[in-house]
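Given the sequences, and given the hints that come with them, work out the whole structure.
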Amino acid sequence: LEESWRDDGLSFSRHFPPCDLDDTALGYTVLNYVGREPDPRVFDAYWKRDHFVTYTVESRGRPGPNIHALEALALSSHPHKEDLIDATLRWLRGEMVDGNHFVDDWHLSPAYVTSHAIFAFHLTEETLMERCVDYFLDTQRDDGSWGFTSNGNGLGTIEETAFALQGLLFYDRNVGHVDPEVVHGGVGFILDRYPTVRYPEMWVSKVLYSPGNIIESLVQGVLHMFRHGGPGPGTGPSRSI
553 LEESWRDDGL SFSRHFPPCD LDDTALGYTV LNYVGREPDP RVFDAYWKRD
603 HFVTYTVESR GRPGPNIHAL EALALSSHPH KEDLIDATLR WLRGEMVDGN
653 HFVDDWHLSP AYVTSHAIFA FHLTEETLME RCVDYFLDTQ RDDGSWGFTS
703 NGNGLGTIEE TAFALQGLLF YDRNVGHVDP EVVHGGVGFI LDRYPTVRYP
753 EMWVSKVLYS PGNIIESLVQ GVLHMFRHGG PGPGTGPSRS I
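Take 553 as the starting number for the sequence shown in the numbering used here and just add one per residue.
Incorrect hints may appear among the rest.
Pairwise CB distance ranges (calculated) [stated by the list, open to error]:
| id | residue 1 | residue 2 | range |
| --- | --- | --- | --- |
| 1 | R566 | L707 | 17 to 23 Å |
| 2 | R588 | D686 | 33 to 39 Å |
| 3 | E610 | T748 | 36 to 42 Å |
| 4 | L707 | Y761 | 29 to 35 Å |
| 5 | R588 | R779 | 24 to 30 Å |
| 6 | D695 | F564 | 30 to 36 Å |
| 7 | T608 | I766 | 20 to 26 Å |
| 8 | R642 | H736 | 25 to 31 Å |
| 9 | R558 | T748 | 39 to 45 Å |
| 10 | S762 | L553 | 22 to 28 Å |
| 11 | V609 | S565 | 14 to 20 Å |
| 12 | P747 | S565 | 23 to 29 Å |
Don't read these hints as lab results, they were simulated from the structure. All of these numbers come straight from a predicted model, not from anything done at the bench. Quick reminder that beta carbons are idealized off the backbone N, C-alpha and C, glycines included.
Laid out in C-alpha cells, this is it:
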C-alpha cells in the first residue's frame, strides 16, 4: 500500500490513473492501524461542501465512500477532523433509509455498506451504530441467513450473511453482546453451503459482477472472527432478534 500511495491516495490498481476515495480511505485505515499513517490531508481533495465524493471530478456523494472516509478520519491526525466528522455524520443521517440502514451505488445489497457503517459509527456515533445492528437483528431469515436482493429466488446468500455477521461479530467483540443463536444460525448457513455455491453477481460497475477474491476474503475473515473470539461475553446488554 505504501509503495502504491500517490499524492491523491490510492487507485484500485497501480496501472489505473484515477485515485478514488474508497480505496484511499480503506488503504489509509489499514496503514494507520499498523502505525504508518499517510498525510491525512489527502482527503481534502474529495471534500465537496458537506460530504465526500468518490472521485474528485464528481459532485454527488454516496454513502459507502463517506462511511469509509468517516472511519479513516476518526483514526487520523487531520487538523480539522472533528469538523469533517460532524459534517459527514450530518450528511449520512440524511442518507439513511428508514433510519437504520444504507443503500449504495456500488453494491445491490444494503448489507455491504450497512456492515461497514457499524465499524465507522463505533468510532464516531454509537446511536447510529446501534440502529445498524438492530437492522441486521431484525432482518435475519428463519434459516439463519440474510438476503435483501432476492437474486430471483428470494433466498439469503453467503455474501450478504457474511456482511451481516461481520458487523455483528465486531459489535459483540467491542461493544455489547449478540445472542449466540443469531451468530450460530448465520455461520451454520455459510458452512452448509460453502464453498460449493456460486456467488451471485451483486457488485455494480458497467455490468453486475462477482469479485470472487473479495468475497472469499470476507467469508474467511468472518469465519476467523467467529472461531477466534465470537460470540463472546461482550461489555453491554445482550442483543437478539
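Hint by hint, work out which the structure violates, then give me just those numbers in ascending order. 1, 4, 8
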